[in-house]
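This is what each chain is made of:
There are 2 protein chains.
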Amino acid sequence: MEGIEERGVKEVDYLAEERAGAQFHVHSMKIFLAGGQHEYEVSTRIANLVANDPVFAKEDRARISRKELYKNSLKKAGHAWKIILEKGLTEEESMRMRAFIDEPNYTDLHWGMFITALKGQATEEQQHKWLRQAYKLAIIGCYAQTELGHGSNVQGLETTATFDPSTDEFVLNSPTLTSTKWWPGGLGKASTHALVYARLITDSQDYGVHAFIAQIRSLDDHIPLPNVTVGDIGVKFGNGGYNSMDNGLLRFDHVRIPRENMLMKLARVTEQGKYERSNKPRQLGYGAMVYIRQGIVAEASVYLSRAVTIAVRYSAVRRQFGGKDDKAEVQVIDYRTQQHRLFPLLATAYAYRIVGFWMKWLYADVTERLNNNDFSNLPEVHACTAGLKSITTSVTADGIEQCRKLCGGHGYLCASGLPELYAAYVPACTYEGDNTILLLQVARFLLKTLTQVASGTKPVGTAAYLGNVQHLTSVNCEVSQGKDWLNPSVLLEAFEARSARMAVACAMHVAEAPDSELAFEELSPELVEAARAHCQLIVVSKFIEQAQKDLPGEGVKQQLEVLCNLYALSLLTTHSSDFLATGYLTGTQVSHAKDQQKALFSCVRPNAVALVDAFDHTDHYLGSALGRYDGDVYTHLYKGAWKDPLNESVVTEGYHEYLRPVLTQQLWGPTSKL
Amino acid sequence: MEGIEERGVKEVDYLAEERAGAQFHVHSMKIFLAGGQHEYEVSTRIANLVANDPVFAKEDRARISRKELYKNSLKKAGHAWKIILEKGLTEEESMRMRAFIDEPNYTDLHWGMFITALKGQATEEQQHKWLRQAYKLAIIGCYAQTELGHGSNVQGLETTATFDPSTDEFVLNSPTLTSTKWWPGGLGKASTHALVYARLITDSQDYGVHAFIAQIRSLDDHIPLPNVTVGDIGVKFGNGGYNSMDNGLLRFDHVRIPRENMLMKLARVTEQGKYERSNKPRQLGYGAMVYIRQGIVAEASVYLSRAVTIAVRYSAVRRQFGGKDDKAEVQVIDYRTQQHRLFPLLATAYAYRIVGFWMKWLYADVTERLNNNDFSNLPEVHACTAGLKSITTSVTADGIEQCRKLCGGHGYLCASGLPELYAAYVPACTYEGDNTILLLQVARFLLKTLTQVASGTKPVGTAAYLGNVQHLTSVNCEVSQGKDWLNPSVLLEAFEARSARMAVACAMHVAEAPDSELAFEELSPELVEAARAHCQLIVVSKFIEQAQKDLPGEGVKQQLEVLCNLYALSLLTTHSSDFLATGYLTGTQVSHAKDQQKALFSCVRPNAVALVDAFDHTDHYLGSALGRYDGDVYTHLYKGAWKDPLNESVVTEGYHEYLRPVLTQQLWGPTSKL
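Chains as they are written, first to last, in full-length UniProt numbering: chain A, 1 to 674; chain B, 1 to 674.
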């Protein structure tokens, strides 16, 4: 640190006054948000373990080259694995650890996709063979599905796996440029094996896309196997961010693998080349899907809460304007424009945490049903989880960027932690299903449900309200003053009425059209909106359910009530045209909602810092000079700046070649390299 | 290129069919968008000069370290200056050249801020002294206003300039950590001089913030002068992007500068330490402000058009789903969801180009008025330019990111050009006035105008419609079918009625309140919306004016009409709650607007590629594998990937230390560094 005296070592807390003003028991809220006492204890312990291990430091991540970044992420992944073995960490603890290390690497795909897919699609015999290796990382696997020319449309994949009965092998081949496998994480430089999705061809017939295990690198020296072309696909958005991951490309030039490397739980090819489907219900795969999506929603809450923590703390430290008569300027968090953009995101982070808890329950419920061969509610579960994945990831990505903007100029510095958070998070909008395509799937489900309702079938679960469609499409809202909006049943009816009306309007359009597929395509922008309305209703309803439950800890329930109302009213005012267009709400009722929303901002204000403290993120995990627990923002921005590579020399590199000739008008002189 | 056969050298145009389908004369549109034949000729010539000079290559920008990036940007800046001198380029040509080099560097601030401020605030004598040096780059200047703790609120700056009559000098000092100058571009490593904004103190009295010229580095060896602490503030958002700029920090420890270094056009301090204001009208400064904001709006159009060009071309190349019976999959651009998000942005890029032309006229008009001491319409001009700066930069930043998302997974690769475009552009939302604060200034103007209207004053220029407020707050829209929405006067009235009603509602709230300042703060979210509505009206009205003019070139006028209607209807449907809440529109009329919008999508579709071709961006300027003119996307993504540093070695660096020990279960062995 140059030019400014050290502050000394005394502990400061620039946010102490904010914390003193909180109206609830923060520790109880922490336990609630962690998901329980046990989860709280595990998270705290592992978060601190990571934060205190210098190998996991990440301050310089935005400054170093891609090569250093990648090499360092290999080191972190290996170091984590060593700790896991050394300390005998549980699966839960290991997962928390990977999360807190906060740096994407090959093990994410190995554990999250490769092993999960093996469990779902390999026979027991295959699992015995491959999982044994995979569990001890004797092989590193990736999930090679998408291709250069093919993403969401899995049926369009071009890679082929042609069975050759003469040798009892499949021949993997990449027939075109666009068939190059492209994007799989961990593939570029780390993986030894790939789960390859390819068109199965036997006896000259194409049976569509199936999964195969292919070894791609030698286990002796890590050199790619013959006729395998593999590499990294290049730099991605942002400094640090997802660039620690080796997303890869992969081409096969007639590479042979044993027939047994086809994952054969759901279908198999015999030695004679005969294709046979198993009698296992294909629906069993849904369990894994629900599990993965539940994880994505839970992660959305974590990421959004990190951004909100940074923005709330910095908004409380930062002052601007209004400091008259020698008084300090006003804290930015006191401005209504700031509250209007920031507090709804705070409420949303809470909402997603709660809907994440509910999805955990849903996963358990689905697992039990599948075990009992009860597939009745799968379409509803599929639509619900697809939609929640879509809206939570989109809102979180935009919300992180919003938080960055709410930090003004300093949010643009990597030292704020927010640019990297956004860059690392935003792929969640694309992977595991493009968010727009997922909403169209939800819309299709809604239309189908309405058809079934018309023919007397009772809708279930999150679609149950559509059984009440007659009422919902005819009733009007009865709000006559601001505080009427605090009534949970009023809120719930509003969101149900909105969603039902949007779905019904779409259904009528499609039903009237001569070609319903064409009408669906033509109507797709409206269908996306209808699906979004349905998903927002799910989140609102789960938040309301939770807010009505009793909870330990002084003031905890009251805070959740405030945030629940704020979440719902913020959605309502943002999307008020949906409610206005069919006459369910009047302009005056929307005004009441806006007034009530502001009253809620005032309730949140004194608790804002404590409400983000309750997410319990360590300074290491936040990685932000603006979001530090102690609020000592400016000291750390200033100190951090001096670590930039440009500050290594007082006179900049390039001065003699490129600056001096300009300043001295000697552009054509001997030292100039221009 | 490995593993895939070369395509040979024949020229391909994967978009030829798209181009053949265009229904207008593209070359004429190019000339229109360039602003005329002369501008077109200059732009084309300079763009190609830059594109063909290997020093200005930028493919590797996202891959290299910050030090290399910075050093290379010094080289580019110097090389450009050499070309400017060598070829004797005009000011216009030099400006185009800096733009096409497309890499922020110190000369942007030197020419754009340092010299501009000198012209506006220095006396003629001072200009003679400093500009002579500055024009030949014998000194490099930056604009040191913002501080670590102070951005938008200039009056809150803490740096002091205390006059010492005993030596006839000012003493510059940074009394606190938060007074550190922070953010000025070019300051970190390049500038020799800084225009420092500091509180002028003389005779123990604080006269507020004034500008001073301070030399900060030696002209002999570039070493910072004694008691000056200067450096770079660190890495910013994104790879490449704005990181080629040395945004800096600066501290003074009682640094003395001659009294004459205060810019004295508007106020001065005498040898005796007496503070005196000049009799020059302070309003003269408005000219520079209008000029800078006009430039920002023009730039918004350029940036948005770059993103839209990439997204439209790639959407025409990319295919997904729907390929039945061996037919190719559907072009992504044919999907309504894609059109719904992409085509309004295309229309917006055109809209901003047109409003940029109008602001050029406005600048000429203001300059003339100022020369005649006519300050009557300055408040209107101030509000209008503030508002247009705010909405165009916000929409452009979000629009670039939207275009990136519309390119699916591949948009996330730096090879798409879009991550860097976003990262480099988004600071425009903060610099030259935070966008939210600017809209609040517009709102203040609207309220004041309504008060004046009430007392009989006729509003002027872009606020003239408020003279019609009685009619606008009582009339209802008369649209009864989709095509009614194509009537320009119908569109104009809708936007006028919406804006007037929102402003009136806010004005009534504030008027009724006991404390109007408190009410203004409380109402600020609504005020921001009212201001945005007013600014959107300005853009719509200027686009309508332009679309009604005759233009040379077959079909050009028709295309502008389509885009104008699409722009207006997209705003209307997106913000329909504003129109619905007061009953100006019914839900059915909004539905008509949506239907009409889709009909316009179908008009745009066959012209989409030609409409982006008309922006005439070179492949160099776009810097995007996805947005290439020839549409040869996949070849260039594939080729580009192999240039990543991770692909330099077949077996990754770090394998022996960090991967092999994991794979071989020798974490504690001799080669492990874990």
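What the hints contain is simulated information worked out from the structure, not anything from laboratory work.
Mixed in with the good hints there might be a few duds.
Note that the list lumps identical chains together, so a pair holds whenever it fits in one copy or between two copies.
Using 20 Å as the maximum straight-line C-alpha spacing, the simulated SDA-like pairs for lysine to any residue come out as follows [unchecked claim]:
| # | residue 1 | residue 2 |
| --- | --- | --- |
| 1 | Lys129 | Pro258 |
| 2 | Lys87 | Pro165 |
| 3 | Lys129 | Ile115 |
| 4 | Lys30 | Ala99 |
| 5 | Lys82 | Val55 |
Hints and how they fare:
{"no.": "1", "hint": "Lys129 - Pro258", "result": "within (14 Å within a copy, 82 Å between copies)"}
{"no.": "2", "hint": "Lys87 - Pro165", "result": "neither (48 Å within a copy, 71 Å between copies)"}
{"no.": "3", "hint": "Lys129 - Ile115", "result": "within (12 Å within a copy, 72 Å between copies)"}
{"no.": "4", "hint": "Lys30 - Ala99", "result": "within (18 Å within a copy, 51 Å between copies)"}
{"no.": "5", "hint": "Lys82 - Val55", "result": "within (12 Å within a copy, 47 Å between copies)"}
Of the numbered hints listed earlier, the single one contradicted by the structure is hint 2.
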